[in-house]
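Undergrad: Now for the letters of each chain:
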Amino acid sequence: MTQNVSRPRDSTDKVPSAAETPAWRAVLFRADVRTLSLLGVLAVLILIGGITKPDQFLDTRNLQLILTLASVIGVVTVGMTFVIISGGIDLSVGAIVALASVWATTVATQEYGFAGILFTAVLVGLGCGLVNGVLIAYGGMVPFIATLAMLASARGLALQITDGRTQIVTVDGVLDLGERDSYVLGIPPLVLVFAAVTVIGWLVLNRTTFGRRSVAVGGNAEAARLAGIDVRRQRLYLYLLSGLCCGIAAFLLIVLTGSGQNTNGNLYELDAIAAAIIGGTLLTGGRGTIVGSVLGVLIFTTITNIFALNNLQSDVQQIAKGAIIVAAVLVQRRTASTT
Amino acid sequence: MAPQPPLLSMSGITKSFPGVRALDGVDLDVQAGEVHCLLGQNGAGKSTLIKVLAGAHQPDSGTIRWRGDDVTLRSPIAAMRLGIATIYQELDLVEHLSVAENVHLGHEPTAAGFVVRGRAARSSTAELLKRLGHPEVDPGRLVGDLSAAQQQIVSMARALSHDVRLIVMDEPSAALDPDEVDNLFRIVGDLTADGVAVVYISHRLEEIRRIGDRVTVLKDGRAVAGGLPAKSTPTSEVVALMTGRNVEYVFPPRPAAAPEHGEPVLTVEGLSRKGEFAPLDLQVRPGEIVGLAGLVGSGRSEILETVYGARKPDTGRVLVGGRPLRPGSVRAAVRAGLGLAPEERKAQALLMLESVTRNVSVSSMSRFARLGWIDRGAELGAARAAVRELSLRPDNTNVPVRTLSGGNQQKAVLARWLLRGCRVLLLDEPTRGVDVGARAELYAVVRRLADEGLAVLLVSSEVPEVLGLADRVLVLREGRVVHTAPARELDEHRVLDLVMEGSPAS
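Here the protein sequences line up with chains U and E, keeping their order.
Heads up: the first sequence runs through residues 47 to 385, numbered per the working numbering.
Heads up: the second sequence runs through residues 1169 to 1674, numbered per the working numbering.
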């Protein structure tokens, strides 16, 4: 199991260090077995889709739809990935998305137009994240329980605000974002937001002190504390980050559906956790990648799409998702034990 | 008639962990009905040996014979089935279960194969507790609500609930009051009268004289003496066996003049924590290595962690460079220039999944970052420089820290503080899990850092290490400093006498 660490070329001083290697090579060589296998799964899925429904699946509109649907859950998953890497869990993401989407689409909020909706969604997300973070980091609550409580209360509050009714968005600026006219080079704006969140998430995780601290806290909280890291503050920030991602996702959902509903974001927590796990994030913390999580989201969304195109019911989809989670974890365990 | 074969006979047992040979051909014979004591300093291999005996570790080689037959102890259950029970120092009870449930854990009396017969479990537990001299413990109470001594009784009841022929007790008296120790000895006496053998581990020579029949002394993974008579072997001989070295540690020379002048950089005033250590005063000057010597449970690690702010003191304060630190704040301590190399390196210091670079830079990240953005080139360069200065191998810092040997992992921790530029280094058991060859190198590194102006506070349960490395030594017993002297005025016998002398039972 122990690798032979002293490869011959490392004995010289001229070895190019990680920082000196060209970026493209670093990216290529970092694309480890796990990422490659996820890409392989995605390729197989696209092949299956292309074979079973060649006209419908590979249609530009369908591909745009897959990416758009992936964007909402994808943004949530990026936040979730950070939380899980730090050894936590956020069960409240779906409920926060629901609350943010209805709060941002009340008649009163809509009077403030585009900015009103956007800021409200983001602020509600941050507010819920703050409550989660304070309860967990400073109140000493277990993340599972604190966010479970948030799940229940945020959903309840969302229902109270809407009274179960769908709140139609009348602000043109918001609705326009969902129209084909606003696509950039054929890419829906929602997908661009998702791409931006992914890139920023990757940079934050891999290139900033925030990312390092998140990994350290998840890998060994006691060691992080004794190394002088403010573990509690870091935990607070992480749940704030997850809340922020939920706020952004809520805004995307408002654009996508042209409405706010208290049933929005149903079971997002499970989808986001599942995507992170098949992407290789350790549920115990300390290891995970944004790329893996995003690939996980794309895999799930593509499966759902293929199943829908082939008129398979959602029960079959659920069974397939479950099987994929189990398969992914088993494969990862094998690759982990051989390296 | 041929003499009865010993109940247990272990021979040539070896066991290696990465970087350490914990057991190097140990023999141990135990007769039915005897109290066989295991003696040895920390790291001598006692716990590894009893874990092999309990089936928790598999030996690399060697044979185990049980009542004359070769056996393999594949798992703790296999050992238990033979009648070997172990009572560990850290009790392995489930706090949220009742006494009776704990005692019968894994072999509950059942009806129809699966319905637990709670009443039967409770009454048999009550009987066991009575036999152990603690009829007052209610079998229905939660174990978490019991005192340490009572928990130990429960642990023993659990051992006796099996058909046990050999009980291993690892420092059973460490957590007990004098009366409780008397009760423990009575129980040991009853057990041996019934023909049960007891393997008894203790640091307290006096206890061994009171209840022991024979003594086996371990040192550096070897049995240096087996089956000595416990009552008549002179203390000096036992201590000599425990301390005499096959491998002489090489300590770096001390500077000609101890830095007795100069302002102390670390000052501890009246620092105490209830139940852990009594008010402590000490000072460490730049360039000086101060050692705390004492046994497990003497409060050494607790003192270091309190100085470091990882535990909040009840009284007293810590000053660095004359300025008091905010009590109970690791961050304040780190900012003021303290660095800790903790006792449990893997659990308390290292990020095992991460590279050496990241482990080294974790406490200085913000120095390489602008607005949170890390300049990885600068980080890597600095981490490499720190690692090279300590000649950590391999010097490729991109490898995961878990692939390093114990000694090099410790160097990675030291490099972390070197990079941070700390002024006071707190070393807790710096050579635990470090093999003998690498120790001398680590000692040289620590001395060099001190010579460069670092103040070092060193804690070790290995007396020669403290004496060889430190300039000044504080001897601790049960949370109290009992002696302070320059290291060159002390020797190992004297220190061992000071720390082992007296037991609560006397």
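Hints in this document: simulated from the structure, not taken from any laboratory.
Take the hints with a grain of salt, since some may be wrong.
Computed footprint of chain U on chain E, listed as stretches where at least three residues anywhere in the stretch have a Cβ under 8 Å from a Cβ of chain U [what the hints assert, rightly or not]:
hint : segment
1    : 1229 to 1239
2    : 1369 to 1383
3    : 1624 to 1630
The calculated label-pair distances, taken between Cβ atoms and stated as ranges, are [as the list claims (entries may be wrong)]:
hint : chain 1 : residue 1 : chain 2 : residue 2 : range
4    : U       : F190      : E       : R1309     : 45 to 51 Å
5    : E       : L1265     : U       : T98       : 52 to 58 Å
6    : E       : G1274     : U       : L329      : 23 to 29 Å
7    : E       : D1345     : U       : G185      : 34 to 40 Å
8    : E       : E1512     : U       : R107      : 57 to 63 Å
9    : U       : L194      : E       : S1243     : 56 to 62 Å
10   : E       : R1309     : U       : R211      : 23 to 29 Å
11   : U       : G185      : E       : D1358     : 48 to 54 Å
12   : E       : R1538     : U       : G185      : 29 to 35 Å
13   : E       : E1512     : U       : L329      : 22 to 28 Å
14   : U       : L109      : E       : R1494     : 55 to 61 Å
Partial selection, computed: residues in chain U whose CB lies under 7 Å from chain E [to be verified]:
hint : residue
15   : K99
16   : R253
17   : F256
18   : L272
19   : A273
20   : T330
21   : D361
Ideal placement from N, C-alpha and C gives every residue a C-beta, glycine not left out.
Undergrad: Next step is simple, just say for each hint if it's right about the structure.
TA: Against the structure, the hints:
Chain U is given as covering the segment 1229 to 1239 of chain E, and this is violated because 0 residues of the stretch bring a CB closer than 8 Å to a CB of that chain, at least three being needed. With a threshold of 8 Å between beta carbons, the proposed coverage of the segment 1369 to 1383 of chain E by chain U is violated, since 0 of its residues qualify and at least three are required. Residue count for the segment 1624 to 1630 of chain E with a Cβ under 8 Å from a Cβ of chain U: 0. That is fewer than the three needed, and the coverage hint is violated. Evaluation of the 45 to 51 Å hint for F190 (chain U) and R1309 (chain E) yields a failure: the beta carbon distance comes to about 29 Å.
Checked against the hint of 52 to 58 Å, the pair L1265 (chain E) and T98 (chain U) passes, with Cβ atoms roughly 54 Å apart. Taken as a hint, the range 23 to 29 Å holds for the pair G1274 (chain E) and L329 (chain U), whose Cβ atoms sit roughly 28 Å apart. Range check, D1345 (chain E) to G185 (chain U): about 38 Å between beta-carbon atoms, so the 34 to 40 Å window is met. The hinted range of 57 to 63 Å is satisfied by E1512 (chain E) and R107 (chain U), whose Cβ atoms lie roughly 58 Å apart.
Taken as a hint, the range 56 to 62 Å is violated for the pair L194 (chain U) and S1243 (chain E), whose Cβ atoms sit roughly 37 Å apart. Distance hint check for R1309 (chain E) and R211 (chain U): the Cβ-Cβ separation is about 55 Å, which falls outside the suggested range of 23 to 29 Å. G185 (chain U) and D1358 (chain E) have their C-beta atoms about 50 Å apart, which keeps the hinted 48 to 54 Å range intact. For the hinted restraint 29 to 35 Å between R1538 (chain E) and G185 (chain U), the CB-CB distance of approximately 33 Å keeps it satisfied.
Our hint of 22 to 28 Å for E1512 (chain E) and L329 (chain U) holds, since their Cβ atoms are close to 24 Å apart. Our hint of 55 to 61 Å for L109 (chain U) and R1494 (chain E) holds, since their Cβ atoms are close to 57 Å apart. Given hint, K99 (chain U) at the interface with chain E, is violated; its Cβ is 42 Å from that chain's nearest Cβ, farther than 7 Å. At about 6 Å, the closest approach between the beta carbon of R253 (chain U) and any beta carbon in chain E falls short of 7 Å, and the interface hint on this residue holds.
The beta carbon of F256 (chain U) is positioned within 7 Å of a beta carbon in chain E (closest approach about 6 Å), and the interface hint is therefore held. The interface hint given for L272 (chain U) holds, since its Cβ lies 6 Å from the closest Cβ of chain E, which is under the 7 Å cut-off. Residue-level restraint check for A273 (chain U) holds (minimum Cβ-Cβ distance to chain E is 5 Å; threshold 7 Å). With its C-beta approaching chain E no nearer than about 10 Å, T330 (chain U) sits outside the 7 Å limit, and its interface hint is violated.
At about 34 Å, the closest approach between the beta carbon of D361 (chain U) and any beta carbon in chain E exceeds 7 Å, and the interface hint on this residue is violated.
In terms of the numbered hints stated before, the structure departs from hints 1, 2, 3, 4, 9, 10, 15, 20, 21, listed from lowest to highest.
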